[in-house]
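Chemist: For chain H, the structure is supplied; the task is to place chain F with the ligands on it using the hints.
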Amino acid sequence: MSILVYIDQFAGRAKLVSWEVLGRAREFADQLGLPLVAVVVGQNVGQIAREAIAYGADRVLVVDGPAFAQYRTGAYAAALKAAIAAARPRIILAPAVVGAREVAALAAAQARIGMAADAQEVSLDADGRLRAERPVYSGNILTTVIFRDAVQMATVRSRSYPLPQADAGRTGEIAALDVTLDAAAAGEEILEFEAAGAGDVDLQNASVIVAGGRGVKGPEGFEPLRALAEALGGAIGASRAATDGGWVPYNYQIGQTGKIVRPDLYIACGISGAIQHLAGIGGAKVIVAINKDKDAPIFGVAHYGIVGDLFEVVPALTEALKARLGK
Amino acid sequence: MKFVVCVKLTPDTEQLTEVRPQDVGTDDLGVTMVMNPWDEFAVEEALSLQERYDGETTVLTVGGEESVEALRWAVAMGVEETVLLSDPAFADSDAWGVAHILAQAIRRIDGYKLVLTGKQSVDGNSGMVGPGLAAELGAPFIANVVKILDLTEDSITVRRMLDEGIQTVRVALPAVITVSIEINEPRYRTFLGIRKAAKLAYPATAADALPGLDMGRVGAQAGLVRWTNLRKPPERGGKVEFIEGGAPAEQAARLADKLIAGKVI
Ligand SMILES: Cc1cc2nc3c(=O)[nH]c(=O)nc-3n(C[C@H](O)[C@H](O)[C@H](O)COP(=O)(O)OP(=O)(O)OC[C@H]3O[C@@H](n4cnc5c(N)ncnc54)[C@H](O)[C@@H]3O)c2cc1C
Ligand SMILES: Nc1ncnc2c1ncn2[C@@H]1O[C@H](COP(=O)(O)O)[C@@H](O)[C@H]1O
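If you're matching them up, the sequences are chains H and F in order.
The first sequence maps to residues 1 to 327 in the numbering used here.
The second sequence maps to residues 1001 to 1265 in the numbering used here.
Excised from the complex, chain H in its bound form:
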């Protein structure tokens, strides 16, 4: 028996959320006295396997080869399923990010394992069984998911747990795992890949997000927001009005139909604060709103508000912060 964690990677780089989840799973493994197994899927991912040991895994199963060179839901799910068969875990955790979320769900469905998606907290009850806290009804209700069977699985959101300290001196076992693909998995062909714009910061990992809405008025309107985000080492986000307008790509959208984010600081610029937008930012620690309209609903959830023109306030804020942060 073990605790198993799916390490999500893209193009040979592990996603930070994988280590956050592994860190939480390490605590479970210690509490239950079970080994912590990680599974890494990709091509030439040996380095990630070593990192997994450094971040707390006792054993890493590596599924490595050309069939896994690119993200393929079916093939990656087959790898996770093979790891489940090999590690016989009681608890399986995976990051709740695009790609891994689908891999986890497909593998869980195929293996008929009960799963809680998008947990923002996972814990063990007195009997060592998994409990997953997750928002439902688009963040308007919380529930504690409990599991019927001995094997229990959850996907866990980014920034739910701190990044553990890597210890290069830790030792563990790394083993290759062979996976045979069925027709449905083998037949998923990746014909082309078009990378997203360079320099984009992952929204779900960001500790600071500067988001723009209809008030930024167009693609150029995002420039002052970018400057502010850059000064804070943050990411750019958007409301649906801005993504629908094509001012920034769809994967910048925050809210019920976009990303759910949990930054330390969320700066909403020219965003009214529609219910569907607020569904994505409930996990933000501090919300700042800059809006011309003092009655905009965004002020109902904000900690700090400035009523004013974002085209004046945002550049001024960038300057003020740069001066204070010594940039």
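One or more of the hints may lead you astray.
To be verified - No more than 20 Å apart at the CA atoms, straight line, and that leaves these computed lysine to aspartate or glutamate pairs for EDC-like:
id, chain 1, residue 1, chain 2, residue 2
1, H, 285, F, 1241
2, F, 1196, F, 1069
3, F, 1147, H, 194
4, F, 1147, F, 1069
5, F, 1263, H, 194
6, F, 1147, H, 133
7, F, 1258, H, 189
8, H, 327, F, 1257
9, F, 1147, H, 244
10, H, 285, F, 1028
11, H, 294, F, 1250
12, F, 1147, F, 1185
13, F, 1232, H, 133
14, F, 1232, F, 1069
15, H, 285, F, 1235
16, F, 1263, H, 244
17, H, 217, H, 202
18, F, 1147, H, 312
19, F, 1258, H, 312
20, F, 1002, F, 1154
Please keep in mind that the hints were generated in silico from the structure rather than gathered at the bench.
Since the structure is predicted, the reported quantities are computational estimates derived from the model, not experimental observations.
Modeler: For chain F with the ligands alone, coordinates are given in the frame of chain H:
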């Protein structure tokens, strides 16, 4: 070409805040119910594929009698075939149970090629029924489809959105896909469509009409997961602090000081 869309009746997104934890799981949430907004994109895509490739679309839903409203919605958008999967034995099935029921009904649609679902439901929020269906049907699964590039008798080629970029993916049919909101602009329900939908009968298909159904996998007892301790999220304490007075530069400076003093940055 036969298309299948799975839809769910969910609260109007504007009223999600009003749903009370104690009503969850009952058949009346006391709010306006609509077709899950994500599923409208799936229905729209099927209807436009049907126009492009000459086909038929069947829309299915699993739920109590009230979920007929989701089928009416689909008919009002232009769908001709609907299936209401309703049986007391189905009540409180988990995502895998719902997928099992849907899969049994889909298997009865001779020669189905493509199954579309929404990316997630606005109530369950789990995005699990789509992958569950793919597992049940042994079919390839592609999530977050932003464009269907090509469809032939035996394969589909799509663009799939990942955080890192967009992949062009081809899989064999039949396949299960979930669509993302940028794929299209759902058509409105027409007045005539709404009238037509209101007049149609929607006979329920129950468990006994689904020969492959494993009763040990549906209903509350079979659920591998259970929602407990339903509650409202804690209210955020305190009100907004407006930074008032002075020129924007002064306001910005005061805000910067507060953020730094509060160790926010
Ligand atoms: C099913 C469904 C799902 C949805 N999902 C999402 C989602 O995931 N995310 C999302 O964001 N929306 C979503 N929406 C849309 C949502 O309802 C709103 O329409 C959208 O969030 C509005 O975006 P906005 O705040 O940018 O625009 P608006 O509501 O138009 O607000 C613009 C704001 O900018 C202010 N402003 C204008 N000019 C300036 C200026 N110069 N300086 C300062 N302020 C200025 C205005 O006062 C106003 O408050 C969804 C809707 C539906 C029906
Ligand atoms: N009861 C249901 N009946 C039919 N389709 C459903 C049902 N529940 C979920 N779906 C489909 O599965 C998708 C994902 O839902 P969920 O897994 O609940 O997030 C939805 O967008 C629907 O297309």
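Chemist: Each hint should be assessed against the structure and marked as holding or not.
Modeler: Verification of the supplied hints:
1. 285/H <-> 1241/F: Measuring from Cα to Cα gives roughly 15 Å; hence the hint holds.
2. 1196/F <-> 1069/F: Distance of about 13 Å is within 20 Å: holds.
3. 1147/F <-> 194/H: Roughly 14 Å between the alpha carbons, so the hint for residue 1147/F and residue 194/H holds.
4. 1147/F <-> 1069/F: violated, 28 Å
5. 1263/F <-> 194/H: violated, 39 Å
6. 1147/F <-> 133/H: violated, 34 Å
7. 1258/F <-> 189/H: violated, 52 Å
8. 327/H <-> 1257/F: holds, 15 Å
9. 1147/F <-> 244/H: holds, 16 Å
10. 285/H <-> 1028/F: With Cα atoms ~34 Å apart, residue 285/H and residue 1028/F exceed 20 Å; violated.
11. 294/H <-> 1250/F: Holds, at roughly 18 Å.
12. 1147/F <-> 1185/F: Roughly 12 Å between the alpha carbons, so the hint for residue 1147/F and residue 1185/F holds.
13. 1232/F <-> 133/H: Roughly 12 Å separates the two Cα atoms, so the pair holds.
14. 1232/F <-> 1069/F: Cα-Cα ~27 Å, so violated.
15. 285/H <-> 1235/F: OK: residue 285/H and residue 1235/F at ~13 Å, within 20 Å.
16. 1263/F <-> 244/H: violated, 35 Å
17. 217/H <-> 202/H: With Cα atoms ~24 Å apart, residue 217/H and residue 202/H exceed 20 Å; violated.
18. 1147/F <-> 312/H: Since the Cα atoms of residue 1147/F and residue 312/H sit roughly 39 Å apart, the hinted pair is violated (cutoff 20 Å).
19. 1258/F <-> 312/H: holds, 19 Å
20. 1002/F <-> 1154/F: holds, 12 Å
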